[in-house]
Amino acid sequence: MSAHLAQTETILGDLIAYPTVSSDSNLAMIDHLAGRLEDAGARTDVYRSPCGTKANLFATLGPDRDGGIVLSGHSDVVPVEDQSWTSDPFQMRRDGDLLYGRGTCDMKGFIAACVAMAPDFAARDLKRPIHFAFTHDEEVGCLGARALVPQLEARGIRPAMALIGEPTMMRIIEGHKGCCEYRTQFQGAEGHGSTPDLGVNAAEYAVRYVNRLLELGEMLKTRAPQGSRFDPPWSTINIGRIAGGVATNVIAPRAEVEWEMRPVTQADQIFVKAEIDAYVADLGARMRAIDPAAGITTEIIGEVCGLEPMAQNLARDLLAALTGANGADVVPFGTEAGLFQTLGCDVVVCGPGSIDQAHKADEFISLSQLASCLSLLSGIGDRMV
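The sequence shown begins at 1 in UniProt numbering and counts up by one.
No wet-lab data here; the hints were simulated from the structure.
Everything numeric in this text was worked out from a predicted model, so none of it was measured.
Some clues are possibly wrong.
[Said to hold, decoys possible] In the EDC-like style, the derived pairs of lysine to aspartate or glutamate whose C-alpha atoms are separated by at most 20 Å in a straight line are: (1) 127 with 64; (2) 273 with 256; (3) 273 with 258; (4) 360 with 45; (5) 360 with 81; (6) 127 with 139; (7) 360 with 82; (8) 221 with 256; (9) 360 with 64; (10) 273 with 299.
Throw the hints in and build the complete structure from the sequences for me.
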């Protein structure tokens, strides 16, 4: 086993021991990572969230100039409750070539590999910077990256490329859909079911709202980009949950709809929001004409932009040259990549482990995948000198 791989395994074991479930703090893990990167000579900045219990880490090796690359991973993991683990999920276990533990592939394995390579990067005469971005709360709406990207923009940090190390079995991914989640609530006016015209039936207006969403979903099928490689190729809308009403003979006073949109393009997201906002303005006016207290409100649970494939992509071309890959793919799951794309970076997703293992009991990553990741990172370091 190479020294870098052995060090990666050690670091990964340390990271797994931090139970950074999204509902809990990640500060201890971020402090640990900052200390390791500082020991390697990196300049580090820790950005705490408004609640004070979460933080992003941004660190840099090499010159203070534009260009270079960001190596990005999220520190949070999904819960382990109601899962049948065969060992402590926060105590890494090795069985042959496999390392088990919550977050091994999603995505502390990539973070461990980056940190293990940091002293090697620091020993080189870097002409372009190598940045590390380790974020909080990716699993609950990419909250950390959504805060970090504008902070970097305000500081004038302009990397040329970004590598998001989500588990792809080291395949190069150049595109994924966005993910926007909403909770829409309807406040009606209750009354007796025998005189429905005298009240405002929140459930009825929720149904009308859902029907409009379904119409927009059909319209999105006609907007699929030419040659789209996504499955399905168009943006989608899904109604996840509908709730409302208290009894068959009572005009429903309240209702709620939870829905999501997965846009292929930012233009589709803008289109849907404009159309549904216009519909809500009309629907809400009809409700308030009966009772001024009635209305519709929508809560944004999360809006994560997609990664749009680009004809020219320096990051894709760099990884292809280093790995010998013939092309790049697209995937259905979301990442923080689109946020870094808004920073002006050429972005790809590529990391060790399989998404099939993510979020499951007995999550694992193989040492061979970590070795492939380390080889890629070493090649990236070569290109920054």
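Evaluation of the provided hints:
With a C-alpha separation of about 10 Å, the suggested pairing of residue 127 with residue 64 holds against the 20 Å cut-off. Taking the CA atoms of residue 273 and residue 256, the gap is about 18 Å. The hint holds against a cut of 20 Å. About 15 Å separates the Cα atoms of residue 273 and residue 258, which keeps this hinted pair within 20 Å; it holds. Taking the CA atoms of residue 360 and residue 45, the gap is about 32 Å. The hint is violated against a cut of 20 Å.
Our distance criterion of 20 Å between C-alpha atoms is met by residue 360 and residue 81, whose separation comes to about 11 Å. A hinted pair counts as satisfied when its Cα atoms are at most 20 Å apart, and residue 127 with residue 139 does not qualify at roughly 34 Å. The hinted pair formed by residue 360 and residue 82 meets the criterion: a straight-line CA distance of about 11 Å does not exceed 20 Å. Taking the CA atoms of residue 221 and residue 256, the gap is near 26 Å; set against the 20 Å cutoff, the hint is violated.
For the suggested pair residue 360 and residue 64, the alpha carbons sit about 40 Å apart, so the restraint of at most 20 Å is broken. Taken as a hint, the residue 273 and residue 299 pair is honoured in the structure, with Cα atoms around 13 Å apart against an allowance of 20 Å.
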